[in-house]
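Asks: Below, each chain spelled out in residue letters.
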Amino acid sequence: MRHLSDKALTRLRSGADLPDVGGTRYRLIGQVARGGMGVVYAAEDELLQRRVALKVLEMPGSEGELANRLTREARVLARLEHPGIVPVHDVGTLPDGRVFYTMKFVEGQRLDHYIESLASAPDRLRIFLRICDAVAFAHARGVLHRDLKPANVMVGSFGEVLVMDWGLAKILADVTHAEPNDPCGNIPRLPANGGIGNTSGTGDGRVMGTPGYMSPEQARGETELLDARSDIFSLGALLRYLLTNQLPAHPLPKLDRSLEAICAKACAPERERRYAAVPDLAEDVSRYLDGLAVSAHRESIFDKLARFYRRYRFFIWLIATYLLMRVLLILLIKH
Amino acid sequence: MDHDEFKSGDGRFPATRWSVIAAVRSEDDADRKRSLDTLCETYWKPVYKYVRLRWNRSAPDAQDLTQGFFIEMLERELLNRFDGSKSRLRTYLRLCVDSFVMNEDKAARRQKRGGEVQHLALDFAGAEEEISGGTIDAAAIASPESLEEFFETEWLRSLFALAIEDLRTLCSERARDRDFQLFERYNLDGDNEISYAQLAQQYGIAVSEVTNGLAWTRREFRRLALERLREICGDDDEFQREARTAFGRNAG
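Top line first, the protein sequences correspond to chains V and Z. Using our numbering, the first residue of the first sequence is number 1, and each one after it goes up by one. Using our numbering, the first residue of the second sequence is number 1001, and each one after it goes up by one.
These aren't lab readings, by the way, just hints derived from the structure by calculation. Some clues are possibly wrong.
Going by beta-carbon spacing under 7 Å, a handful of chain V positions derived as facing chain Z [to be verified]:
id, residue
1, HIS3
2, ARG11
3, ALA16
4, ASP17
5, ASP20
6, GLY22
7, VAL91
8, GLY92
9, LYS104
10, GLU107
11, ARG307
Listed next, with one range per pair, are the computed distances between beta-carbon atoms [said to hold, decoys possible]:
id, chain 1, residue 1, chain 2, residue 2, range
12, V, ALA33, Z, GLU1027, 41 to 49 Å
13, V, ARG27, Z, SER1026, 29 to 37 Å
14, Z, SER1146, V, GLU65, 29 to 37 Å
15, Z, SER1087, V, ARG298, 51 to 59 Å
16, V, GLN246, Z, GLU1075, 31 to 39 Å
17, V, LEU247, Z, ILE1194, 40 to 48 Å
18, Z, GLU1027, V, GLN246, 58 to 66 Å
19, Z, GLU1027, V, PRO87, 49 to 57 Å
20, V, GLU107, Z, ARG1076, 56 to 64 Å
21, V, LEU247, Z, TRP1055, 39 to 47 Å
22, Z, GLU1165, V, PRO211, 39 to 47 Å
23, Z, TRP1055, V, GLY64, 55 to 63 Å
Once the Cα atoms are required to be at most 20 Å apart in a straight line, the calculated EDC-like pairs of lysine to aspartate or glutamate come out as [unchecked claim]:
id, chain 1, residue 1, chain 2, residue 2
24, V, LYS7, Z, GLU1152
25, V, LYS7, Z, GLU1149
26, V, LYS304, V, GLU283
Backbone N, C-alpha and C fix where the C-beta goes; we use that ideal spot for every residue, glycine too.
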């Protein structure tokens, strides 16, 4: 039996790890990322002559939990045609038996890297609103993401915001024909007993998600009870991260009261106390950006005055300056 | 160890290779023996090198301990106690080796094995050559983490070497010896990387033939290695984890 040198061992591992795309329309360019379920490669679609992202399972076989999950993820993405959700192009099995799908190749940065160069809180909030749009759309189509976090959001080179990695998504109900003009409508809400059939590949009570971003019910493995409010918890944690640059586990710096109230409501441990739907959360953030009162925060008179001042600061100073000038002019004339 | 035991009918492998853990718990003596053979085939070299370097034993001592360990594994039914939810089989076996070496009463066991138990036919000289080849730094495996890493590397080396032998046989059966030579030349020979174009020139064939030959052998190598891996894992979860260890790291 032949002895393998360390170099040969490394070469064999790397070589055998590469997906076999021989005879397909794709040509591998390089590895982009490696996740819990598979590996993402940049590839060239030689037929259409465009770059795509090819996500492939590490293990061969079109059966088994991971293969089912990858195929499911592709099908979930296929039903979510939205500018904020990465579009899927193709799904299948490679000659080496590994399940794969291809999707749009997003040239950009992960959100956690992108925001390092983004100092302005309003800019960050506007990105958050676009994430909310995509998630609200998915909810309207009966799909929960279940792993919303900065690493799963990409910001493209033209500022487009894309929610990625739907591998843990849970399909609550088949509502593929929901009215596209009704972003708030038809949001599936499960009754207490679970109600709508769970078609998730991870619905066996096992805990899947990211600590700090997953809701308490998700962390307890209560997959049957998950609904839109579970993603709202994750969005709240993501909002905190956007505003503070701190992971949820870290002690958080003090925020503006309204924003703090929005985060607190989104991340309430009891889901009944959270926003009922993503558009409600987005509405509060929009109102904050417009200098209006938010539903999550009951303001005192001082808060109202402070908000009024913040909103009309320019005009207040303009009028004050005008009045001051008038007074000075009158005094000057009198003397 | 007889490789022919793994052949069945006109195919190279049985239709389904089942886990050694299932086999070792079987009522059938032949199944139990086969499970030990499989484990021994994959693990004897990592165990031997581990005993030599981790426990700093002489070659004759390490040979004796390696033989003794596999025999004890059968006699004391150590695999029956393996619990896949607590550890990987690989880690469990390494800890068993540690425990075995610590408890070994050399004189008594040598006598016992010399008198009653047949020795396993293992190529210790080859293993010794690999150790003295200088690729392993004994001083670098002092910490518990590096012990695990060392054992993992040697386990993988052994697994891949067996898969390469399987590939050689397969290529021979399918009259694809040239593809195997390409695979060897590209992946195993020398320290300098060789390009597809250079290979094509050396063998007087088109680059596309090199590409196809290497793609096929790579795919088959992966399949064969995974088949062997599946056999030496306790359950599917462990198989998935070990496959990631085998192919997932250092790649790309």
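Asks: Against this structure, judge whether each hint is valid.
Replies: Hints, one by one, checked against the model:
1. With its C-beta approaching chain Z no nearer than about 5 Å, HIS3 (chain V) sits inside the 7 Å limit, and its interface hint holds.
2. The interface hint given for ARG11 (chain V) is met, as the beta carbon of that residue sits about 5 Å from the closest beta carbon of chain Z, less than 7 Å.
3. For ALA16 (chain V), the interface hint holds, since its Cβ comes within 7 Å of a Cβ in chain Z; the closest pair sits about 4 Å apart.
4. The restraint placing ASP17 (chain V) at the interface with chain Z holds, with a minimum CB-CB distance near 3 Å, inside the 7 Å limit.
5. With 7 Å as the threshold, the beta carbon of ASP20 (chain V) comes within range of chain Z, its nearest partner Cβ sitting at about 5 Å, so the hint holds.
6. The restraint placing GLY22 (chain V) at the interface with chain Z holds, with a minimum CB-CB distance near 4 Å, inside the 7 Å limit.
7. Using the Cβ-Cβ criterion of 7 Å, the hint placing VAL91 (chain V) at the interface with chain Z is not satisfied: the shortest such distance is roughly 20 Å.
8. Hint status for GLY92 (chain V): violated, given a least beta-carbon distance of 16 Å to chain Z, over 7 Å.
9. Below 7 Å, beta-carbon pairs count as interface contacts, and LYS104 (chain V) has none with chain Z, the closest being about 21 Å; its hint is therefore violated.
10. Proximity of GLU107 (chain V) to chain Z is violated relative to the hint, the smallest CB-CB distance being about 19 Å (cut-off 7 Å).
11. With a least beta-carbon distance of about 51 Å to chain Z, the hint placing ARG307 (chain V) at the interface is violated under the 7 Å criterion.
12. A hinted range of 41 to 49 Å for the beta carbons of ALA33 (chain V) and GLU1027 (chain Z) is consistent with their spacing of about 48 Å.
13. Against the hinted window of 29 to 37 Å, the Cβ-Cβ separation of ARG27 (chain V) and SER1026 (chain Z) comes to about 47 Å, which falls outside the hint.
14. Evaluation of the 29 to 37 Å hint for SER1146 (chain Z) and GLU65 (chain V) yields a pass: the beta carbon distance comes to about 33 Å.
15. Between SER1087 (chain Z) and ARG298 (chain V) the CB atoms are about 54 Å apart, so this pair conforms to the stated range of 51 to 59 Å.
16. Between GLN246 (chain V) and GLU1075 (chain Z) the C-beta distance comes to about 58 Å, which lies outside the given range of 31 to 39 Å.
17. Between LEU247 (chain V) and ILE1194 (chain Z), the C-beta spacing of about 46 Å keeps the proposed range 40 to 48 Å intact.
18. For the hinted restraint 58 to 66 Å between GLU1027 (chain Z) and GLN246 (chain V), the CB-CB distance of approximately 59 Å keeps it satisfied.
19. The hint said 49 to 57 Å for the Cβ distance between GLU1027 (chain Z) and PRO87 (chain V), and at roughly 55 Å that hint holds.
20. In this structure the hint that GLU107 (chain V) and ARG1076 (chain Z) lie 56 to 64 Å apart at CB holds, the actual value being about 59 Å.
21. Against the hinted window of 39 to 47 Å, the Cβ-Cβ separation of LEU247 (chain V) and TRP1055 (chain Z) comes to about 43 Å, which satisfies the hint.
22. GLU1165 (chain Z) and PRO211 (chain V) have their C-beta atoms about 44 Å apart, which keeps the hinted 39 to 47 Å range intact.
23. Taking 55 to 63 Å as the suggested C-beta distance range, the pair TRP1055 (chain Z) and GLY64 (chain V) does not conform, at roughly 39 Å.
24. For the hint pairing LYS7 (chain V) with GLU1152 (chain Z), the CA-to-CA distance comes to about 16 Å; that is within 20 Å, so the pair holds.
25. For the hint linking LYS7 (chain V) to GLU1149 (chain Z), the alpha-carbon distance of about 16 Å falls within 20 Å, and the restraint holds.
26. Restraint check for LYS304 (chain V) and GLU283 (chain V): satisfied, since their Cα atoms lie roughly 19 Å apart, inside the 20 Å limit.
When the structure is compared with the earlier hints, violations turn up for hints 7, 8, 9, 10, 11, 13, 16 and 23 and for no others.
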